[in-house]
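Asker: If you want the building blocks of each chain, they are given just below.
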Amino acid sequence: MSLPDNSRTDISSFWNDTGKTGIAAWIFSTDHKRIGLLYFYSVLGFFLTAVVLGLLLRIELMTPGRTIMGPQAYNALFTVHGVIMIFLFIIPGFPGAFGNLIMPLQIGARDVAFPRLNLFSWWLYMIGAAIILTALFTGSGPPDTGWTFYVPFSSRTGTNVSLAVFGVFIVGFSSILTGVNFVTTIHRLRAEGMTWRRLPLFVWSLYATAWVQILATPILGITLVLVIAERALGTGLFDPARGGDPLMFQHLFWIYSHPAVYIMILPAMGVISEIIPVFSRKPVFGYKMIAFSSLAIAAAGSLVWGHHMYTSGMSDTAILVFSFLTFVVAIPSAIKVFNWVATLYKGSISLEAPMIFALSFILLFSIGGLTGLILGAAATDIHVHDTQFVVGHFHYTIFGGSGFAFIGAMHYWLPKFYGRKYAEKPALLGWAIMFVGFNITYFSMMVLGMKGMPRRYYDYLPEFAPLNLASTIGSWILALGLALVLVNLFRGLMKGESFGRNPWGGATLEWSVATPPPTENFEEEPVVTHGPYDFKGAGIP
Amino acid sequence: MSQAQHRDHAGAKLGMWLFLFTELILFGGLFLLYAVYLARYPHEFSVGGRELNVLFGTVNTMVLLTSSMFAAMAVTAVQRGQRHNVVRLLGMTVFCALVFLGIKYFEWSAKIGHDIYPGSQRLTTGPPGESVFFSLYYLTTGLHGLHVLIGGAVLTFVAIKVQKGKVNAGNYAWLENGALYWHLVDLIWIFIFPLYYLIL
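Protein sequences appear in the order of chains A and B. Numbering-wise (the working numbering), the first sequence opens with residue 1 and increments by one. Numbering-wise (the working numbering), the second sequence opens with residue 542 and increments by one.
Take the hints with a grain of salt, since some may be wrong.
Claimed, not checked - Quick list of the computed label-pair ranges, beta carbon to beta carbon:
{"#": "1", "chain 1": "B", "residue 1": "Met603", "chain 2": "A", "residue 2": "Pro454", "range": "39 to 47 Å"}
{"#": "2", "chain 1": "B", "residue 1": "Met603", "chain 2": "A", "residue 2": "Tyr457", "range": "20 to 28 Å"}
{"#": "3", "chain 1": "A", "residue 1": "Ile382", "chain 2": "B", "residue 2": "Thr599", "range": "29 to 37 Å"}
{"#": "4", "chain 1": "A", "residue 1": "Arg156", "chain 2": "B", "residue 2": "Lys705", "range": "21 to 29 Å"}
{"#": "5", "chain 1": "B", "residue 1": "Leu596", "chain 2": "A", "residue 2": "Val328", "range": "35 to 43 Å"}
{"#": "6", "chain 1": "A", "residue 1": "Gly193", "chain 2": "B", "residue 2": "Pro583", "range": "53 to 61 Å"}
{"#": "7", "chain 1": "B", "residue 1": "His584", "chain 2": "A", "residue 2": "Ala379", "range": "52 to 60 Å"}
To be verified - Which residues of chain A face chain B? A partial, calculated answer using Cβ under 8 Å:
{"#": "8", "residue": "Ile222"}
{"#": "9", "residue": "Ser315"}
{"#": "10", "residue": "Ile319"}
Simulated from the structure, these hints should not be mistaken for laboratory data. Idealized CB from N, CA, C, for every residue including glycine.
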């Protein structure tokens with residue numbers, strides 16, 4: 001390409017634009033790339049915090065009875081692990097970090113539609129996070145309800161639930177604003193020639209995600225307000241003694257929280273749809289169906305919340321309908337998996353770190369998805385409901401799926417912004433260790449669940465001891481691999497070999513600008529003449 | 542920054558409409574509860590509904606509809622470049638908002654005076670359906686009242702921008718979006734009024 005590889009010192013890079021300096025140049029910047037990095041390091045910090053909490057949980061469950069903490073601490077710990085991982089890491093993670101970093105570049109825009117609102121979203125996110133953290137250390141102890149805040153326990157427990165719930169409410173508001181911003185951006189700011197059929201699949205997945213954020217999050221908002229009202233005013237809307245119905249809480253909560261898992265997984269699928277064609281040197285197979293399936297998952301996924309409630313006392317008709325709809329979601333998910341695999345077929349595959357994470361995503365997500373069908377069918381769900389099986393299944397989809405895709409995205413895109421690259425061999429070694437540890441940790445949980453070990457229990461029968469020990473040891477291996485991967489990645493971003501304009505050979509627009517991208521992305525507005533995976537059209541060998 | 546002024550009026554409006562959807566869905570949760578509990582406690586809901594003051598409700602409906610008209614007139618006025626007129630019309634809108642909240646205050650006070658509020662003696666000892674009805678009534682009208690307050694604040698803020706000339710005939714996205722928000726507040730009341738005051 002025309003620019004030399006050491007364009008890192010390019011004066012127009014977004015790292016050294018003029019104006020404010022120091023921290024103010026970041027926390028008051030409206031540049032989507034800076035906001036993206038703000039989000040990235042915020043969510044990464046919370047992720048690592050919650051990883052430590054997860055490791056502590058596993059150590060507690062290593063042996064029956066008390067290992068390192070008491071039951072109350074255990075309850076608080078699994079609650080906080082879930083709240084942080086879900087509301088502070090994986091929901092804001094993809095749209096906030098990689099959505100902001102990449103999406104405007106990919107559609108050929110200078111920024112998002114509302115840059116100041118974008119910055120405000122990050123501030124709201126940080127304020128919400130600060131409130132949640134405050135709730136842990138003030139009042140009468142951290143919340144112990146589980147991240148689901150189920151009534152009646154959440155309306156009665158003496159712990160600091162109201163403040164934590166309020167923090168989640170604020171974070172939800174931030175998520176809504178990001179959704180509004182992204183839908184508007186994708187509609188209004190596409191460059192000339194960037195038709196809907198040339199939209200990169202990551203953008204398609206963010207678009208579907210943004211709609212879920214817009215349409216589902218307000219329901220979480222009102223549900224959390226109702227929990228606070230229940231506690232503070234005694235409204236009794238979920239209290240059977242006062243005429244209310246706790247089942248209504250579960251409905252409202254899952255109307256949001258089931259679609260929320262698609263906020264977590266859809267952009268991850270988008271990342272995979274970017275990585276697979278680039279590292280197979282082949283146009284993606286079934287572009288239209290992958291784009292469509294993102295929308296189909298978002299739509300169908302909004303109608304399946306009842307599958308969390310098979311044992312709650314819904315009518316059999318409702319269970320049947322929700323079970324059917326849950327199976328419907330499997331169709332577009334499988335469409336994606338088959339299209340990725342078909343893209344690989346006869347491709348010129350290079351197994352670099354982003355690709356390895358993408359390939360393991362396909363495997364782990366498929367295991368997570370298929371075990372999801374066991375939970376989606378009412379008959380089999382009754383057997384494993386509220387067991388460790390659910391925990392294992394969920395981590396296969398969200399950690400093995402979204403988490404691995406997130407790390408893949410870090411390897412794929414972060415070098416573009418730092419101009420330097422991680423070392424390949426330690427990345428692959430770290431991945432291998434993670435992969436082994438991951439499967440030991442969570443597969444053991446699924447087997448434990450099948451055998452009948454409930455989730456969220458502090459203690460267990462001696463017969464569950466061997467697998468729990470295995471799972472805990474697996475979590476250490478997983479953590480070791482994760483540490484190696486992250487240290488190698490960030491070491492590389494600081495000191496690694498330099499990373500030119502388009503070393504991966506991608507055909508999407510973010511690879512057409514300098515490395516790191518200039519402040520307003522494009523020197524002149526790009527005119528798009530080829531599809532996002534048309535490598536020949538982009539002149540890539 | 543060196544960035545040239547770049548306005549996208551249609552984009553700003555699209556964003557606002559999306560945000561208004563989220564507000565509708567926020568209230569949608571409460572309407573959902575209303576539907577479910579109405580089906581479960583039809584008798585108690587009608588007893589509760591008849592206790593609400595239709596006169597207060599009707600007057601408030603008139604006040605809000607009038608205020609919405611002022612807001613719409615303000616948008617027309619700004620397109621014609623009548624700055625003082627815009628400020629005056631926005632002032633009247635905000636005044637209506639305050640009247641609405643004042644009436645709401647008297648309405649709530651009367652109810653609380655009759656020992657009707659969540660956790661009151663009467664509601665805790667009475668039939669459970671009535672407690673549910675009045676809890677929903679306070680939450681829904683309370684959340685709506687909060688939106689009246691926010692809408693009034695937004696329009697005041699916009700009026701200051703108009704006065705300073707920052708919002709004018711060439712650039713009135715702020716005013717239009719503020720007015721849209723105000724119509725939303727109005728719209729939600731149009732649903733609350735019959736559901737709580739009229740049909741029960």
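Asker: With reference to the structure, classify each hint as holding or not holding.
Answerer: Each hint tested on the structure:
no.	hint	result
1	B:Met603 <-> A:Pro454: 39 to 47 Å	violated, 58 Å
2	B:Met603 <-> A:Tyr457: 20 to 28 Å	violated, 59 Å
3	A:Ile382 <-> B:Thr599: 29 to 37 Å	violated, 52 Å
4	A:Arg156 <-> B:Lys705: 21 to 29 Å	violated, 52 Å
5	B:Leu596 <-> A:Val328: 35 to 43 Å	violated, 50 Å
6	A:Gly193 <-> B:Pro583: 53 to 61 Å	holds, 59 Å
7	B:His584 <-> A:Ala379: 52 to 60 Å	violated, 39 Å
8	Ile222	holds, 3 Å
9	Ser315	violated, 13 Å
10	Ile319	violated, 18 Å
The structure does not agree with the numbered hints 1, 2, 3, 4, 5, 7, 9 and 10 stated previously, though it agrees with the rest.
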